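Trainee: Sequences listed follow chains P and G, in order. First residue of the first sequence: 1, per our numbering; consecutive thereafter. First residue of the second sequence: 1, per our numbering; consecutive thereafter.
The hints are simulated quantities; they were obtained by calculation from the structure and are not laboratory data. Just so we're clear, the structure is a prediction, and the values are computed from it rather than from any experiment. Be aware that a few hints might be false.
[To be verified] The calculated label-pair distances, taken between Cβ atoms and stated as ranges, are:
hint: 1; chain 1: P; residue 1: Val-63; chain 2: G; residue 2: Trp-18; range: 41 to 47 Å
hint: 2; chain 1: P; residue 1: Gly-167; chain 2: G; residue 2: Glu-115; range: 29 to 35 Å
hint: 3; chain 1: P; residue 1: Arg-40; chain 2: G; residue 2: Arg-119; range: 52 to 58 Å
[Said to hold, decoys possible] Partial pick of chain P residues on the chain G-facing surface, computed with a CB cut under 10 Å:
hint: 4; residue: Asp-2
hint: 5; residue: Gly-27
hint: 6; residue: Gly-28
hint: 7; residue: Arg-41
hint: 8; residue: Arg-65
hint: 9; residue: Gly-94
hint: 10; residue: Ser-95
hint: 11; residue: Ile-98
hint: 12; residue: Arg-101
hint: 13; residue: Gly-102
hint: 14; residue: Arg-138
hint: 15; residue: Ile-140
hint: 16; residue: Thr-179
hint: 17; residue: Ala-182
hint: 18; residue: Thr-257
Where a beta carbon is used, it is the ideal one built from N, C-alpha and C, also for glycine.
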Amino acid sequence: MDFLRPTTWEEALAAKAERPEAVPLQGGTDVMVEINFGVRRPPALLDLTRVAELRTWSEADGVHRVGAGVPYTTVVEELGGALPGLAQASRTVGSPQIRNRGTVGGNLGAASPAGDCHPPLLAAGAVVEVESRERGVRLIPAAEFYLGVKRSALLPDELIRAVRVAGAAGPQYFSKVGTRNAMVIAVCSFAVALHPRERRVGTGIGSAAPTPLRATAAEEFLSAELDWSAALDPALLRRFGELCAAAAAPIDDVRGTAAYRRHAIAVLARRTLTWAWDDHLGRRAA
Amino acid sequence: MRVTFTVNGREETVDDVWEGESLLYVLRERVGLPGSKNACEQGECGSCTVYLDGTPVCACLVAAGQAEGRRVRTVEGLADGDRLDPVQEAFVECGAVQCGFCTPGLVVQAHDLIERVARPSDAEIREALAGNLCRCTGYEKILDAVRLAAARKAAP
Chain P
1 MDFLRPTTWE EALAAKAERP EAVPLQGGTD VMVEINFGVR RPPALLDLTR
51 VAELRTWSEA DGVHRVGAGV PYTTVVEELG GALPGLAQAS RTVGSPQIRN
101 RGTVGGNLGA ASPAGDCHPP LLAAGAVVEV ESRERGVRLI PAAEFYLGVK
151 RSALLPDELI RAVRVAGAAG PQYFSKVGTR NAMVIAVCSF AVALHPRERR
201 VGTGIGSAAP TPLRATAAEE FLSAELDWSA ALDPALLRRF GELCAAAAAP
251 IDDVRGTAAY RRHAIAVLAR RTLTWAWDDH LGRRAA
Chain G
1 MRVTFTVNGR EETVDDVWEG ESLLYVLRER VGLPGSKNAC EQGECGSCTV
51 YLDGTPVCAC LVAAGQAEGR RVRTVEGLAD GDRLDPVQEA FVECGAVQCG
101 FCTPGLVVQA HDLIERVARP SDAEIREALA GNLCRCTGYE KILDAVRLAA
151 ARKAAP
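Take these sequences, add in the hints, and give me the full structure.
Mentor: See below:
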């Protein structure tokens, strides 16, 4: 096994171009587990922790560009105001030690259907910025990034550089089902983001299908039926939950059954929309 | 490969490190610092918690090569010679140690908490220690120890 240690983004892209089989390594919270247990023996590890720019985030024209090496702890401490959905999800990741090391970029790279960042990124309409030496930058909408269980649209010679997320224009919530508050891989999870200017609600479902996904029919239903100045109609809320549950395609596994996950998605969808709607009406009244 | 890093203030160079090896293995098996415990090897238990450039991390999830040029502080680096760190003293006084396997990780993690938060609430203590598993104590004595260490630090 080789251990590649680029110190600049250009060096990192060159290393990935020359060694597309190299596995990128940030906080190691997924990759090192697989190596420790002998599940994976990559021919090379590409350590990206020396590429300083990846650990920074910036904002321009209301869009936040979060470097692939920004740890969850930083998202929680610095981005809770601008990106509340992503910050809430980050706060549920593992433990403090894991949040100090694990990164949003790593979550995207692993592309696990249970990854906590995916639902809020989907709900907010985030864009994943990837790059290769040969073809330059590609911008991939989150909704097109996840292709299968632990498979993404990232090509072998590409690296994830950042994720771009518009600052929240309305309330956002994330909720996750697990057996305790810490160290939990989601049984299932759900994120909602209100986009009041566009009269639109974004959704993201986690750990209840082969990939994280949007509940598109539920979003369209709300766009058509929601009265943005009124209290939530209970029948509409119930229908929203049903459509979100219908969008899921869960399996039975050690963490829960498919039937439980489908049920829980409906509950989480109703609950998060209610929280968001209370905030929305509260802001209007204030 | 060769890895050079600072551990508890001393520069260490280790050779013939396997590229997939963890910092935890290097500390325990190559540098002779077995204080950080090897339990789950998947970041679930916190027994291998060490400071890496001042931030608590699970040493089992840090690739050895990632420690190159970095500063590591282990549980062995908390005491000042024969004088225990206040967190260590509090663990002894409160009976927060039973089998002792989780203790080094808990001590490092608690040490970080009270460095950052002067008077942590119970909720803050619980959240800070959420990634450190203890199967003996039921955690109550551990919480007592952290409260005691924090109180002494705030009003020595």
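Trainee: Broken hints, numbered, in rising order?
Mentor: Violated hints (numbers, rising): 3, 8, 14, 15, 16, 18; every other hint is consistent with the structure.
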